[in-house]
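Student: So the chains spell out like this:
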Amino acid sequence: MPASISLTVNGDHHPVDVYPGELLRTLLRRLRIYSLKHGDETGESGADAILFTRTPDDPSSYRLVNSGILLASQADGASVITLEGLEEETEEAGERSRSELLSPRLSVLQEQFIECGAIQCGYCTPAQILAAQHLLDNEPQPSEAAVREAIAGVLCRCTGYIKPVQAILRAAAHLQGDTPPPPEIDVRDAPATGEWPTTDQPPANGWDDGAPDTQTQTRSVPMTVAPPRTHVVNKPEPKVDAVKLAKGRPVFADDVELPGMLFGGLLTSPVAHARILSIDATDALALPGVHAVQTYANLPRVIYASGGQSYPQPPPYDQVCLDSKVRYVGDRVATVAAETPELVQEALERIKVEYEELPAIFSADEATQDGAPVIHDETDAQMIHDAKHNVAVKLLVDHNDVDAALASADFVFESEYRVHQVQQASIEPHIVITFWDEDDRLVIRTSTQVPFHVRRMVAPLLGLPVRRIRVMKPRIGGGFGGKQEMLIEDLCAHLTIATGRPVKFEYTRQLEFSSARTRHPQRLRFRSGVDADGKLVGMDVRVVADTGAYGTHGLTVQMVTGFRALSTYWLPSARFDCDVVYTNKPVPGAFRGYGAPQALFGLEQHMEEMALAFGMDPVEFKRINWVKEGQSLPMAIAMGEGREGFPQTVESSGLAECVEAGAASIDWERRNDAEWKAPPDQPHIRRGIGLAICMHGTGIAGLDMGAASIKLNDDGSFNLLVGATDLGTGSDTVLAQIAAEALGVPLDQIVIYSSDTDFTPFDTGAYASSTTYISGGAVLKAAEDVSGQIRRHAAAHLFEGVDADQLWLEDQKVLAPGGQAVPLEKVALHSIHQEEQHQIMATASHMSYVSPPPFAAQYAALEVDTETGQVTVEKVVMAVDCGIAINPVTASGQVEGGMTQALGYALCEEMPYDDKGRLEIDRFGDYRILTANEMPELGTVLVQTYEPTGPFGAKAIAEIPMDGMAPAIASAIFDATGVRIREIPFTPERVWRALRGNSE
Amino acid sequence: MAILAEYHRPKTLTDALELLADRTSRRLPLAGGTSLVGSLETRQRRDVDGVIDLADLDLSYIQDVDSNLHVGAMTTLTDLVEHPLCAKLATGILPATARFEGPQNLRNAATVGGLVALAEPDSELFAALLALNAAVEAVDKDGVKSHSQLGDFAISHPRVPGQPLLITEIRLPLGHTAAGHARIARTPMDRCIVAAVVVVPANGETSQSSPANGANGVITTRTAFCGVGPRPQLAGGPLAPVGDFKGSAEYRLAMAEVVGRRAQAAATGALQ
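Residue numbers (this note's numbering), protein chains in the order written: chain A, 1 to 1000; chain B, 1001 to 1272.
Same shape as in the complex, but just chain A (with noise of 0.2 Å):
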């Protein structure tokens, strides 16, 4: 029965009915605060945080708690404020006065936020911003370790933390009444000749000859080359998104209310392998307020491969909706949808399902022995390599004679390498609501990486057309690769549909890492030979990967693997021979990096170790061989992403230039000096500094497309419409700043939406590393289109004997070289208003044949203890060669954020098993995500080169950063202790073990 109760918030009072299991979280998203999150339910993420008091005459009273892990009840008579309760002059709780709406006010706080570049996916925004007011109201100066420990409580997995405590920092300077200088960010440019284009004229948009230079205050411009002068592009802008998310918004899948909204829950498997011999669902229909329970008897049998990818599929096909047949402690049994979510708990525990247990595989290379259990005995699914032997794929690619070549080699070395599963783990979990519309079509409004993707592949499971389906992507709270999955649309739409209802369907912590998406765990074995020189004649690499229950986009992975493996250097013949295998494991699918951190972890130690054993220094050994400009990719054309691909070459890199500039800032010589290695006054410590060098791709050649749209306002400015999917990367700010400087305005005169299947054109998601090169090169050649129509219409009505031609947008006008200037407000309003009426639009679409790959060097200090076996890290650089930094801000932040991914991956990362299958963690402090009080030092140095296939001489930079810390910890460990560890995460038992020569 519900009581009431009596709670004020930010002010206000709120007697309310609660039952006695609601949470203070649900309850105070019922009195519409959206700023709370939900990232957890056992408190660790700190998405929900509020000041709390019980006692709220006392203001010093207040503290930091979770308002997820505390029952509305225990609320009664208590006060609590929110981000919303920061606002002044509100009229009302969760209301924006008509002052704000018309001029949005920000906090010292929520200014410094923005212009740090603090936030990205935003989610957690919020209760950062909270917590650090909370922590100057009461310590005005905070140190640096006061900061990071305030906001410890609240897991980004988004920044590495650097900005929002550098945010903080200067709100507090600000708020003494300082003015601290801007945020550096360290810009270099590669000093190599003939980089940046020489040319005299003006590019498109024209610039004024003569005038100061506007890069980026940090930038070092090299005498030898003419950079490109520009506005918009290169320039710190703030995120155009970020007003709403510092304040805490309703931006989010799940931060809307539907009338007669039901709430969707999934019931999944407590084995790791069983056949379901009957369902009974009985007791469960028959609690009131249960709408509907399906499972494998009363959904169609339509066979899929889930991964989120362009048509047609990669194989295999080996899903259904809901099987007959489970695979894992966490497949999908059925689903219920009901009135509340605690009707939807109870209806799932009174589902009977009766198992017939079958004997299950944990291990891949046990799983293609003749006698294991067969995973795939279903007569239906489609394209498995060998389902008896559990293979789902099988990879051979020869490059010339491998076996020749290491024959004739005047060193050969052999090595093997594993690494483990880890999960994206993005705060936001992955949530979805449906809902028929007015005109009976299925809406999916759902956070997810791929919105065209889902829409295309939901439809025949759902046995609608295309058509009939819409899919709506708000903003997305992180996702790195887990959300380029239809993971969760096609039950919750099934609810949809079988109730006629919308239906909120979000899944728990805990069914997040039972049953989302995860990075495949790899066997790696490399053998490569050497020339007398030192030069690499050959490579052949051998994989054996664990795809878990079902295949998604454990073909494609694995191709990347082995790109990366044998793309990085260059080599004359190579192999990569690889099975892709089924086990009774959670499955994997696309975690940012997408195969290269598995294939650099191997890579970068083997040609160190091989270096070491042919009696060469490594790093001179990598430099020899390591691919450089101009040189071609001979895997490229074996391995494109799941068919033939096309040929590359490398037009720009800056590599050379990154491994010094990271050597500078690790301070590479201290591997030199005993006394820092050694410290006399602590024996058990020794220190050490290693390096892995990384390349990545950008976009899929021949298969990445994005489009854009762009249209002229009366006022001047520009609607920008993109099917592109921003997850907090910072994406929407990149394409608009694109835009804004092809079509020479400042970036708040770009409107941009992203993104809806009904609205905005086609784009293939947020994967790859390929947003601002695909879909950046559509809004380029939108804008230049809109701007080759303002320049004509202006010619040939508001300018007199001038050509289009001659004419430049900039600076909000059309520019003609005699100095005469026509603002776009005036080409606007004429030409949709007054003659020759038309609207001034352009859509434009983008792909390329080429993948022009990023560079990087990756560097880690750190000390280990040599009597526990616990590793340190003192500090990791990354030095990267993107190309062009379209926002150097926003480009820095990715470094940061996924050298802190890498950093878990590396160090405490994991996702043990038990006997049985099951996951012996399943929630967040279990399983280990790095807080803001126990980040080393982060560096961060951009090394821009100029692509000259890239809009603005752009390249990737999102994922990259994942890719060779574990290599850079390997390699420094060799160099702290003399031992070579060959599998991760480095955990003190491991390294205590591998120590004394004594491996698990």
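Hint data in this document are derived by calculation from the structure and do not stem from the laboratory. There is no bait here: all hints are sound.
Cβ-Cβ distance ranges computed for the label pairs, FRET-style:
no., chain 1, residue 1, chain 2, residue 2, range
1, A, PRO465, B, THR1024, 50 to 60 Å
2, B, GLN1272, A, PRO680, 11 to 21 Å
3, B, GLY1243, A, HIS684, 15 to 25 Å
4, B, HIS1147, A, GLU366, 51 to 61 Å
5, B, LYS1011, A, ASP58, 18 to 28 Å
6, B, ARG1026, A, ARG918, 19 to 29 Å
Please read all numbers here as calculations on a predicted model, not as lab measurements. Quick reminder that beta carbons are idealized off the backbone N, C-alpha and C, glycines included.
Take the given structure of chain A and dock chain B to it, following the hints.
Tutor: For chain B alone, kept in the frame of chain A given last:
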């Protein structure tokens, strides 16, 4: 989702104990909720019909009584470690170990009573209380108070039906001691795999006490370990670690010697 039929917030200990003793419903005491609410929400605990919120029982206090610190069971971990007497006790071992109970937003809600009741095997603050020779006061359904040393105190839920016991207070002897602390974890702020806390007397005496002879406020060197048994424990008894994904039993056993030695050295160093 949490499925609860009842929520009670009694005003007196007697009422709370009566509600807990009532066998018609399965009820648990609710302190800060940082553990219980999550376990209800995840359905890790399904054996609960209702909760008894102890918030209104006036059990949040810290008092200096006859060279002993009396800490009410509902005192939050933050209030405990920020109290001037606690913060300085044994060279600051309470705030030093409390950091590893979780971040501020958890420590602001978690209570001393909850910490004692849960006795989590990797609780370094619990180990510090053990090493400081804390005592526990509890009250039964008849209102009878009992006192025992923390090392001897165990509470589990559900209790014997109809026989509830509520922790009301812990007592810490205030001596001029120093402490040392050593730990091993996957990351600097992760909960420990193995840890040790050593408390030494001001006179530098380093003889190790057995769990028994440290009672009654007598200050001797005391070592407490985490991660080597089902709950933190004092040195002197057998260590029976259970392996898990963070560390095998063999590793934990080997590391107990290392952290014990380091904590001892740190404590000795703190005296100088």
